[in-house]
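Grab the two chains, each in its own frame, and use the hints to assemble them into the complex.
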Amino acid sequence: MSDRIKNPARDRMEDSTLFILMPLLVVNLGLVFWGFGYRHMHPSGIWAYIFAMAFALLGVAFIVIFGLYLKEEQDEFERAVWVQSLLWGIGATLTVVTLWGSFAEYALVKGLKMLFVFPLFMLITVVARLALKLRYR
Amino acid sequence: MKNRLKVLRAERDWSQGDLAQRLEVSRQSVNAIETGKFDPSLPLAFKLARLFGLRIEEIFEDSGQ
Chain A
1 MSDRIKNPAR
11 DRMEDSTLFI
21 LMPLLVVNLG
31 LVFWGFGYRH
41 MHPSGIWAYI
51 FAMAFALLGV
61 AFIVIFGLYL
71 KEEQDEFERA
81 VWVQSLLWGI
91 GATLTVVTLW
101 GSFAEYALVK
111 GLKMLFVFPL
121 FMLITVVARL
131 ALKLRYR
Chain B
1 MKNRLKVLRA
11 ERDWSQGDLA
21 QRLEVSRQSV
31 NAIETGKFDP
41 SLPLAFKLAR
51 LFGLRIEEIF
61 EDSGQ
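If you're matching them up, the sequences are chains A and B in order.
Each residue of the first sequence is one higher than the one before, counting from 1 in the working numbering.
Each residue of the second sequence is one higher than the one before, counting from 1 in the working numbering.
Chain B with its partners taken away, still in its complex shape (with noise of 0.2 Å):
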């Protein structure tokens, strides 16, 4: 699934680590989320959509479509 989190990431000037932080993950797990390697839960994706104030499917494009 693709996704603009690098982009998001590159405005607010923050790290992978920093995003990590922020979520309470591993800096792995957003380098695989952002790469398009693994794909999050729900909850996960809310809770990233929350931390940019923006809705899930502005974040993450359905490759499906």
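Here chain A stands alone, though its shape is the one from the complex (with noise of 0.2 Å):
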């Protein structure tokens, strides 16, 4: 028998993922390219809350695509190890920011910009998902 077992959470998950981040990503990162290249010119108006947007939908798709996938997975055993990941990544965002806010409150250190943090949520959940894949294979 195959090993892949038909996951329709799954499924619609990538499907989103391929569908709707990907071309939020591609646009993102257009955006970013043009951003560079357009950085002097200050966009302002309609363009800069365009641009804000623009940034901030792909955190939201996000967040919306994978909080519907966890509500309709049926794999107990999956959804615990996305959960303990997540409950990580919060943890550890958590702390870094705290650590970062304090430093730059106290000790002259340049303050984190909101924007990254939510890249850094996902990374260290990403790097918790991996660890944990590990320890129960």
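Note that these hints are calculated values from the structure, not bench results.
Here the structure is a predicted model, which is why all the values come from computation and not from measurement.
Note that beta-carbon positions come from the ideal geometry of N, C-alpha and C, so glycine has one too.
Do not take every clue at face value.
Listed next, the in silico DSSO-like pairs over lysine-lysine satisfying Cα-Cα at most 27 Å (straight line) [claimed, not checked]: (1) K47(B) x K37(B); (2) K71(A) x K47(B); (3) K6(A) x K37(B); (4) K37(B) x K71(A); (5) K133(A) x K37(B); (6) K133(A) x K6(A); (7) K2(B) x K133(A); (8) K2(B) x K37(B); (9) K71(A) x K133(A); (10) K6(B) x K47(B); (11) K37(B) x K6(B); (12) K6(A) x K47(B); (13) K133(A) x K47(B); (14) K2(B) x K47(B); (15) K6(A) x K6(B); (16) K133(A) x K6(B); (17) K6(A) x K71(A).
Simulated restraints on C-beta separations [said to hold, decoys possible]: (18) P43(A) x P43(B): 50 to 58 Å; (19) G53(B) x E14(A): 34 to 42 Å; (20) F46(B) x G91(A): 28 to 36 Å; (21) T95(A) x D18(B): 37 to 45 Å; (22) E57(B) x E76(A): 15 to 23 Å; (23) M22(A) x L42(B): 36 to 44 Å; (24) S15(B) x Y49(A): 54 to 62 Å; (25) K6(A) x R55(B): 27 to 35 Å; (26) F55(A) x R4(B): 51 to 59 Å; (27) L70(A) x L42(B): 18 to 26 Å; (28) L132(A) x F46(B): 22 to 30 Å; (29) T98(A) x D18(B): 42 to 50 Å.
Okay, structure coming up:
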């Protein structure tokens, strides 16, 4: 029998990743390059809002897609591993941000941009997921 | 929690993948349960019991006792 078990929740998440997150990521990367080129133009008015929304939309879409996946996932072990990874992500991100905030406040370290908090959370979550998968292998 | 999944599987000549297909979970789930690293919920434990035609306590052993 195949090792790949039919999993509609995961299939839907993979489809959403392919058809929603990936195009958004491409748009974001395009905006980053475009933004670097036009950095000195200081986009204002509606363009500033479009820029901001385009960047934020990727993170928001990820949260919605992933939330739906966790709700629909029928494999309780897979869900448990993801929940553990997310808890590691939340805990470690809060620790880093709190420490960094204290250093920025009292030790003249440059503050962490809020824009980087979510990518940091995602990075830690993915690393935690890989570590947990190795543990349960 | 200790369990007899590996023995029960071997008696039927099922691989972890075979059992996973029958339970509609991933092979990693079966492996995690079998090695005692993950305790299944009651619904999954009942599903296992039905699949093997046994009672839950004939498959899982309460290590606290």
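Could you grab the alpha-carbon distance between K37(B) and K6(B) and see if it respects the 27 Å cut-off?
14 Å, holds
Are the Cα atoms of K2(B) and K47(B) separated by 27 Å or less?
17 Å, holds
Can you confirm whether the C-alpha distance between K6(A) and K47(B) stays at or below 27 Å?
Holds. K6(A) to K47(B) sits at ~17 Å (cutoff 27 Å).
Go ahead and decide if the range 36 to 44 Å is satisfied by the Cβ distance of M22(A) to L42(B).
Holds, since M22(A) and L42(B) (Cβ atoms, about 39 Å apart) stay within the stated range.
Hint says 54 to 62 Å; check whether the CB-CB distance for S15(B) and Y49(A) agrees.
Holds, since S15(B) and Y49(A) (Cβ atoms, about 55 Å apart) stay within the stated range.
Between L132(A) and F46(B), does the C-beta distance stay in 22 to 30 Å?
Check passed, 26 Å falls within 22 to 30 Å.
Satisfaction of hint between K47(B) and K6(B), Cα-Cα up to 27 Å:
At roughly 16 Å apart (the allowed maximum being 27 Å), K47(B) and K6(B) satisfy the hint.
Between the alpha carbons of K133(A) and K6(B), is the straight-line distance 27 Å or under?
21 Å, holds
K71(A) paired with K47(B) [C-alpha distance capped at 27 Å]:
Within the cut-off at roughly 21 Å; holds.
Mind checking the hinted window 50 to 58 Å against the Cβ distance between P43(A) and P43(B)?
This hint holds: roughly 53 Å between Cβ atoms.
Check whether the Cα positions of K6(A) and K71(A) lie no farther apart than 27 Å.
Holds. K6(A) to K71(A) sits at ~17 Å (cutoff 27 Å).
For the pair supplied as a hint, K133(A) and K6(A), confirm whether the alpha-carbon distance does not exceed 27 Å.
19 Å, holds
The earlier numbered hints are all upheld by this structure, with none contradicted.
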